[in-house]
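Each chain, letter by letter, is given below.
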Amino acid sequence: MKHALSLAVLSALAVSAGTARAAQTVYHAADAPEATPVVYIGNIKPAMDQGTWLHGIFNQLEGRYAPGGTDFRWDGEAWFGGDYNKIWLKSEGTLEKGRLSDGDHELLYTRSISSYWNLQGGVRMDLDDGPTRTWGAFGIEGLALYEFEFGATAYVSDRGRFAARIEGSYDFLLTNRLILQPQAEFNLYTKSDAGRQAGAGLSDVDAGLRLRYELWRKFAPYVAVTYSGYLTQARRIARDQHDDTGSVRFSLGVRSWF
Amino acid sequence: MTFPSLIRGGLTRRRFVTGLGAGGLLATLPHTSQASSAKASSGLIPPMPSDRWDLTIGHTRISLDGKTMHAPTAGGTVPGPILRWKQGDTVSINVTNTLDEPTSIHWHGIRTPSNMDGVPGLSFGGIAPGETFTYRFRLHQSGTYWYHSHSGMQEATGLYGALVIDPRRPDPNACDRDYVIFLGEWTDVMPDDIVSNLKMQDDYYVFRQRTAASFPKEAREAGSAGAALADRLAWSRMRIAATDIADVSGAIYTYTLNGHAPDMNWSGLFQPGEKVRLRFINGSTMTFFDIRIPGLEMLVVQADGNDIEPVPVDEFRIGVAETYDVIVQPKDERAYAIFAQSEDRTGYARGTLAPREGMIAPLPPMDPRPVRTMVDMGMGNMKPGESMKDMDMSGHMAGMDMHGMDMSHMAMPKMEVDDPGPPPINVENQMRAMMPIDRTSSPGDGLENNGRRVLNYRQLRATRPGADLRPPTREIILHLTGNMERYIWGFNGRKFSESGPIRLKLGERVRFTLINDTMMEHPIHLHGLWSELENGQGDYHPYKHTIISQPGSKLSYLVTADTPGMWAYHCHLMYHMDLGMFRTVIVA
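Protein chains in written order, with UniProt numbering: chain A, 1 to 258; chain B, 1 to 588.
Keep in mind that the hints are not guaranteed to be accurate.
The calculated BS3-like cross-link candidates involving lysine-lysine, where the alpha carbons are at most 25 angstroms apart (straight line), are [claimed, not checked]:
(1) B:67 <-> A:218
(2) A:45 <-> B:199
(3) B:67 <-> B:199
(4) B:275 <-> A:45
(5) B:331 <-> B:275
(6) B:275 <-> A:218
I should point out that these hints are in silico values taken from the structure, not numbers from a laboratory.
Since this is a predicted model, take the numbers as computed values, not measurements.
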């Protein structure tokens, strides 16, 4: 049927002396999927392109130095799956004078939707020494133009509140192993939550300028200048609670993955 | 076993014994038990062809350049033994599997019935552990070929070897000396780990990116810092690295020649004035090699096992799975280096031709590594940063819709075209070559205008006209596609598991047209049938089994579907093949 069609088209082309070829071309891929798959001897597939992989990375695993005491911070993610479907785990938190804050853990289903972008949906738990919150999460993440790593996630809480997170980073290659990475993460909330020092609007920012050296690909110690701080309403909340509203720290850490 | 080696004019007994002294090891005698030594191949061809062979596949612990691997091997060596056959014979090869997993041997480039082609799933069910499978087929062809496993990743870890088939008629390229030069890689990183790393970070093995440190040099070359910056931004906007030459590099690979690391310096002996035939086989997993023998002109006399009109060159590129036979005639009593740089210039394989053992020739410096250009992007000859809108596209677009095929083909009666149209930009494909061009006259990225005579595909002219001069009745257009970022490969924006087979009618004459939408070369191999490259040589176009499709290029070749069965069709970069750039061709 397809053959007959293309033949008809081709004869038409010959007649029309090729002037309007584009409009009449019938596209047919010789390797188009067929209704019944090919039966392979012993059911042995000759190429194994449906594999699954497991990877995890600590983008941040660092000590943030301060005269009053050094904070410890981690930010990592791990995923398992194939080219289209993955289970994705994210976790971050800061240990500050024995108290865990900013503990944010997400379990997401991830779907590849384009060359560089993934959709993610799942749950987020704010789990640390503060009050626990649970959120539904939905977002995108991937590689933006000019090779920016970018992620944006919207959240709706069990108490009907909304939040959003935007994060991004960029790798400047100074040499092939010495890499400077600016990174920033912003959190927004629709309503203040004093128990978690979250303020309505732009609530907090965590940013860093990290200079790492890839001793090998999977292990790169770094030095960094990091900033963590509250903004607008959250800043007032933190001040009212006699807490640090924001500080620049000198940091040391390791970026590592498997 | 009954004909004299004189026919080949090659290895007389005297020469053979001399050769033994050089290499020190005759890997396997025909139909005897296998050499158990793990020593590297001598490159010496067995003194006689045989129609019966035994090959034992087993694990051998092999160390090379400090990298140890418990490798699956044929006959205990990497490469495995050289098998010498004779055109017209019906050969039988008993392959015994002593591994604890299934194995297989595929005879690369050999025209066999499909059940003898050795691809599990397509030809047969594989060779189970403890089993012996007897391959048996008649040889219609002669020349230099190779064999390798087609099971899992065994080929990537050393299960391969050379095939030499004597022609029935006197060999026009017979020489005083005759060596196999088998190029490969060696690493102690397991193939699954390599793939996993590439899935996580596509440039995992590339340590030659453009960086801040390399910027001043680029600015000088580009003429100004602004121009260099614009070029960089153009590439980074597309989220593609111009420095992506090879996915796996010398960072983990030791490049080998006849199983020898560079410092082991494989040697082939000659007497000044003698003609030496070198049968180059690229049996590597992921590496293209650029080959030179400084001080010697190479006469290329055979490509993929088929004789061609001799082409004198200084250098040639050999894609993965290709073979080239060259003849050299060293006049001086000195050593000559066989220098095979990887295309990404992260290492080289080397050997030496010398009148005496133990001699060393100076090695030339490595060339600069190539950088991809807009031509590779499929943008024709556009300048970086220039957009499609800036161009007068009327002429190009018309050609593009029919994929630029020469319209004379179109005028032929009853020509059916399977044109998938421009590939989709999706999860599995990140690019589309807007203006693919004919690059058969280019020796390849990094070799253009290097001051040397470098072989290109246009120069390959068969010594006899093709066996089937019918015009094709059908054209199959295929786009080579992929997403480097996700490390997925395929045709027409689909990987293997999402595609159907390519069906050919028995006896059909088909034109395959490949449009390479990716940024990399792909050596495309069709099992069981010849690929007759349309390179402007008319009825004398060369018969090949593996054809390099250059990035941003369009080329075509003719296939006569004269052998029924299921055949593998794939990119011979192993990790591209396994991650989707594979199709089943069914001839019925």
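Do the hints match the structure? See the list:
Note on residue 67 (chain B) and residue 218 (chain A): the hinted pairing holds, with a Cα-Cα distance of about 20 angstroms set against a maximum of 25 angstroms. For the hint pairing residue 45 (chain A) with residue 199 (chain B), the CA-to-CA distance comes to about 21 angstroms; that is within 25 angstroms, so the pair holds. Of the pairs offered as hints, the one joining residue 67 (chain B) and residue 199 (chain B) holds, with about 24 angstroms between alpha carbons and a cut-off of 25 angstroms not exceeded. Annotation: proposed proximity of residue 275 (chain B) to residue 45 (chain A) is violated, straight-line Cα distance about 46 angstroms (limit 25 angstroms).
With a C-alpha separation of about 9 angstroms, the suggested pairing of residue 331 (chain B) with residue 275 (chain B) holds against the 25 angstroms cut-off. The suggested pairing of residue 275 (chain B) with residue 218 (chain A) is violated, with an alpha-carbon distance near 50 angstroms, which exceeds 25 angstroms.
Of the numbered hints stated above, those contradicted by the structure are hints 4, 6, listed in ascending order.
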